[in-house]
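Asker: Going line by line, the protein sequences match chains C and Z.
Here the first sequence stands for residues 40 to 306, numbered as in the working numbering.
Here the second sequence stands for residues 4 to 291, numbered as in the working numbering.
Since the hints were derived computationally from the structure, they do not count as laboratory data.
Incorrect hints may have been included.
Said to hold, decoys possible - Below, a sample of chain Z positions facing chain C; criterion: calculated Cβ distance under 7 angstroms:
(1) 29
(2) 32
(3) 148
(4) 154
Unchecked claim - Subject to a maximum C-alpha distance of 20 angstroms in a straight line, what follows is the list of computed SDA-like cross-link-like pairs (lysine to any residue):
(5) 111(Z) with 200(Z)
(6) 179(C) with 144(Z)
(7) 208(Z) with 107(Z)
(8) 275(C) with 66(C)
(9) 179(C) with 64(Z)
(10) 208(Z) with 112(Z)
This one's a predicted model, so the numbers in the text were calculated from it and none came from an experiment.
Backbone N, C-alpha and C define an ideal beta-carbon position, used for all residues, glycine too.
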Amino acid sequence: MVSAEPIIAVQDLHVGFGRQNVLRDLALTVPRGQTLAIIGESGCGKTVFLKTVIGLVHPQQGYVEVNGRRIDRLTERELARQRTRFGFVFQNAALFDSMTIEENILFPLRQHQQDRRATHQQAMLDRLAEVGLPTSVLRKHPAELSGGMRKRVGLARALVMQPEVLLYDEPTTGLDPIVSDVINELMMRTRDAYDVTSIIVTHDMITARKVADRIVMLYPLSRLDAHDSPVIFDGKPDEIDETSDRRVSQFVRGEAGDRLMEMRQTK
Amino acid sequence: MSSGTENTRRRGILGAPYESIADLGALLQRTIDTVYDMFLFTWRTMLWLITRLPQRANLFNNMYQIGVLSLPVVALTGTFIGMVLAVQSYTQFRAFGLETQLGGVINKSMFRELGPVLAATMLAGRVGSAMAAELGTMRVTEQIDALSSMGANPIHYLVVPRFLSCLLLIPSLTIMAVFMGAVGGEVYCIFVLGIDMHHYETNAKSFVENWDLFYGVIKSVFFGAAIGLVSCYRGFNCEPGAEGVGQAATAAFVQSFVIIIMLDLALSILLDEIYLVFWPLTSSLLAS
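So that you can see chain Z by itself, here it is in the shape it has in the complex:
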């Protein structure tokens, strides 16, 4: 076999550029194939989602694993992120005598950006990798084949409940992250930095609107969908062996995170545009 590969290699002065172009072409081909596969996988998941709901016990079990068990870690990290924001911003705000405005900045950041991104990152790390590893192990040990051989559809049985759980429960995780971040920031500002509670809370309330919470929650739904789909896809297409399962888990987290960040930018632009359409007066007042 190796001799065949050797024969296809060009030697001489054009050998190296030729090899590079061939490698680049192969990489491009693999990328296109993966994107197409992912699209098909998503399409099949959506079809099963609308044609037949998963069994209740299966769905609730996944919701518990994905949502309920993620709450403590999201709450803890949210609290610390709120406190870190307070620490990082305090010196600059104090220089201008604006330390009572810290609540507004912390809450706005948590509601719009850090809450949803933090919840999504924790979900991708805690749940996405685990889902990819679990499904990858099932692929490697023929459990997915066994499901199919018994007339069950693996996408319906394995992917749909996980996808739905990510989609439905990430808003709760986001709200938890936002709430705990706001609490963490306020506690630190009031009890450690000694900022007046009345002024802190008044400013915090005036800065944040209902739209900000909606903004974060809407983003998180897209993040949850991406985590569910990417992680399940990686698990389903796991390479054989323990190394393959490890790679699937790593790829699930890395790819989910990259997609989260890209979606975050796109959704931020889109949601701001929507806000401008519905509340142009408020926006212009804010701008002025």
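Next comes chain C alone, as it looks inside the complex:
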């Protein structure tokens, strides 16, 4: 259920690396229980936004509030506790190579709940079953699994602490259409089962339409005028086809248009 109360609020966010600005003047609120898809072409700052929400990237200006508390004002310990309320599914799963799948999924529990070891195993097996993986993978290392399986292990690891917010970075990139749909179904089931708020960063319009309640499209700052907002679309999935903004419709339909010419001129 989507409630009116925002769980995440971003105000006047400016993020950059060196001289390169990635996000500028971004304001966004995410109500509790909503599934938000952030779309946009490569380099528009989608992943940077996701990492800023969890405090992995520090903004130059502006702030992120989670449950009404600014994360830049949290102590290191408070921020670590805050992060246990988030689950982050990374683009390439970011599983720890040196650990087995079992150790990977158990990692957050062992870090934060050392006194409840008896329940860890059961929690780990439950999450593994939820993402549809057999127990035979537990002794394997990440390198022995396919891309889709790694993504599912990444989701199981993100779910093991029963987070309030799930952040997905390109969850279906690099997967075949069937496995992509498996991941889409898992995201929907997770939303329904845990009543989590989700932010999905994706290029994949099938995922955005199928899973999201709301879609926000970001546009690269390098192609915007100085005072333009980087958010060029914010609405429901069925509204995105009716937009008159050519930049949005071009992205949604996957048309190059005059982009190839622009890229050549930039070179």
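Could you slot chain Z onto chain C? The hints should help.
Answerer: Just chain Z now, kept in the frame of chain C:
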């Protein structure tokens, strides 16, 4: 973008000197930034070290990888260094009829200089580069971000155990290098060069004091700390891609080695001064 860069370049007769000064300034700025970053990194590592010890399994795994697996290669190179010292010194000593004194020279060199420096070099080459490459790969594949996103502190989880392992196990590696160097030198002198064992051992013992072993071990602790910190820092600040990981591994070894040599000089001077303070009589006797 390139046109912007072109616009900032000065042309004409002052163009080249201007560019050189600007490049030098940028290099200086980068160096200062790196030194400051390294200082912060060291400070954070020390804070985590004193506030929360790493998990035992994590620490023991690192100790095994860093210390135990380095022992054979340190022992082997130590043995050969001892033998090489014997080969190199024998001709000169024989010219003066002092070949029985070779043990003293070999042991003194191994205890004070070659043992700690050899152990540190092997550690920097075998372990430091590997640590930088491993942490660099973790940075590039977002595994370090994943650690942070789960509320774990990467410095506490990744750096502290590696740093502690280098710090605690390099004395053992140094002792192994010294011991095997002394054995290698003695075996070569006695069995190949035919020096009398009794005289060789008597001279070897008279030349070396407990202080010499302490001297080498103390140095090695500083070397170990430098290797741990530099290698982890390089891995944490790895540039993206396979090339970035390779550069991090190379930089970890090169910078560790340069710091080892600089520390070696500084510690040699400092430890000799300390020796003079505590044992002035022995020193003056040796000098006379």
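Asker: A separate judgement is required for each hint: does it hold in the structure or not?
Answerer: Okay, the hints, checked on the actual structure:
| no. | hint | verdict |
| --- | --- | --- |
| 1 | 29 | 12 angstroms, violated |
| 2 | 32 | 12 angstroms, violated |
| 3 | 148 | 5 angstroms, holds |
| 4 | 154 | 4 angstroms, holds |
| 5 | 111(Z) with 200(Z) | 18 angstroms, holds |
| 6 | 179(C) with 144(Z) | 19 angstroms, holds |
| 7 | 208(Z) with 107(Z) | 7 angstroms, holds |
| 8 | 275(C) with 66(C) | 18 angstroms, holds |
| 9 | 179(C) with 64(Z) | 19 angstroms, holds |
| 10 | 208(Z) with 112(Z) | 13 angstroms, holds |
Hints 1 and 2, counting from the list given before, are not met by this structure.
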